[in-house]
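Engineer: Sequence:
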Amino acid sequence: MSPPGEDFTAVLRTADAALGRYRHVVVVLLDAFGWRFLQRHAEHPLLRRLARDGTVRALPSQFPSTTAAHVTTMHSDLGVGEHGIYEWRIWEPALGRVISPLLYSYAGDRERDTLAPTGLAMGDVLPVHTRYERLAQEGVASIVAQPAAFSPSTYDRAATRGALLAPWPDLAAGLEDLLRRAAAHEHCYAYLYTDAIDTTGHLHGPSSRAFDDVVTATLNAVHAAFFGPRAPRLDDALLVLTADHGQVDVSPERVDVLDELWPGLPGALAPDATGAPTPPAGSARDVFLHVAPERVDEAVAALAAALGDRGTVHRTADLVAAGRFGAAGPRLLERVAPVCVLPGPGRMAWTRAHEGIERRFLGHHGGLHPDEAQTFVATIPLA
1 MSPPGEDFTA VLRTADAALG RYRHVVVVLL DAFGWRFLQR HAEHPLLRRL
51 ARDGTVRALP SQFPSTTAAH VTTMHSDLGV GEHGIYEWRI WEPALGRVIS
101 PLLYSYAGDR ERDTLAPTGL AMGDVLPVHT RYERLAQEGV ASIVAQPAAF
151 SPSTYDRAAT RGALLAPWPD LAAGLEDLLR RAAAHEHCYA YLYTDAIDTT
201 GHLHGPSSRA FDDVVTATLN AVHAAFFGPR APRLDDALLV LTADHGQVDV
251 SPERVDVLDE LWPGLPGALA PDATGAPTPP AGSARDVFLH VAPERVDEAV
301 AALAAALGDR GTVHRTADLV AAGRFGAAGP RLLERVAPVC VLPGPGRMAW
351 TRAHEGIERR FLGHHGGLHP DEAQTFVATI PLA
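Its first residue numbered 1, the sequence shown is counted upward by one per residue in my numbering.
FYI, nobody ran anything at the bench for these hints, they're computed from the structure. All of these numbers come straight from a predicted model, not from anything done at the bench. Hints are not guaranteed to be accurate.
To be verified - Derived DEER-like restraints, expressed as beta-carbon distance ranges:
1. 294 <-> 253: 34 to 44 Å
2. 254 <-> 136: 46 to 56 Å
3. 315 <-> 233: 50 to 60 Å
Just so it is clear, CB atoms sit at the ideal spot from N, CA and C, and this is done for glycine as well.
Could you put together the complete structure from these sequences and hints?
Structural biologist: Below is the structure:
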């Protein structure tokens with residue numbers, strides 16, 4: 001298990017320590033393949049090899065247990081409390097609107113890059129410096145490999161400054177290309193991200209056969225790339241395998257509609273730059289509500305009474321004080337909403353006025369349940 005107080009940022013510390021011992025460090029992040037699923041698939045050859053010849057330890061995910069928080073940590077060297085990209089949807093003070101930073105768009109827009117006409121650059125939303133710029137100053141080359149379905153994006157170009165972006169059409173090809181490129185460098189940090197497990201969980205649920213099939217296919221590809229008979233040789237190297245979070249089973253039939261449970265909610269929300277009540281930030285497993293400051297106590301009490309045992313309602317200041325976001329800096333504090341709703345196990349919550357695709361999900365994450373908020377870091381020497 002992990003030492004007290006340790007969280008996902010230990011992945012970066014593990015990789016940095018390895019760069020002091022190995023010429024090549026390869027980090028593979030399997031989105032949503034949290035601790036629960038590592039245990040479920042423990043008999044897979046890759047995971048048995050890691051347990052036998054390497055190290056495996058559990059870690060808490062950051063809160064919220066969401067991809068946006070964790071991939072930004074991977075790119076920036078900063079925890080979520082410092083970089084402030086805490087969820088898929090966040091308040092952007094420079095615009096007075098809720099945005100989707102990974103899409104560089106207003107929240108709710110299906111198209112990417114709808115923020116471009118505003119003049120707000122992606123670099124203004126993200127931390128000033130990247131992990132890869134730091135590594136370059138230390139003489140370490142960096143490669144970032146992600147699915148070509150979304151990379152390169154406006155977010156990628158800003159978040160990965162200092163690294164070579166290497167989009168891939170399928171995982172096997174991406175791993176082969178990453179290893180070939182890494183071998184060409186004397187000292188290299190190589191990072192590959194894949195979203196197939198997370199996407200399948202959202203659409204089919206993490207208890208589905210489809211989910212387990214994608215997990216098996218993903219682990220097979222990683223095992224073949226690093227340990228198969230035709231695996232490219234990477235001398236003096238360490239593999240680091242990790243995940244950002246897990247998932248819990250949810251259902252469209254178990255969604256609490258907050259503005260129907262408490263009809264006073266729209267009137268309690270602070271207006272955004274359009275003059276309309278500010279839409280929810282976060283996700284359907286961690287709903288952040290931009291309630292007007294003078295209505296916070298009323299909103300917490302009313303929503304808690306309406307939800308009953310179907311979820312918990314928090315003053316976000318209490319979550320900050322409890323250390324849920326780690327070291328909370330100004331970038332987080334200026335973005336995070338004052339009220340947070342955490343649905344109970346197997347449930348989601350949102351508002352009728354701002355319905356989104358999540359209401360159709362069968363698997364989700366973002367909250368504090370162990371199945372979504374526990375991950376791991378594993379290491380194994382390659383040569």
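Engineer: So, for every hint listed, does it hold in this structure?
Structural biologist: Hint-by-hint comparison with the structure:
1. About 36 Å separates the C-beta atoms of residue 294 and residue 253, a value consistent with the hinted range of 34 to 44 Å.
2. Between residue 254 and residue 136 the Cβ separation comes to about 47 Å, which falls inside the hinted range of 46 to 56 Å.
3. Hint check: residue 315 to residue 233, Cβ distance near 55 Å, so the stated range 50 to 60 Å holds.
Checked against the numbered hints listed earlier, the structure breaks none of them; every hint is satisfied.
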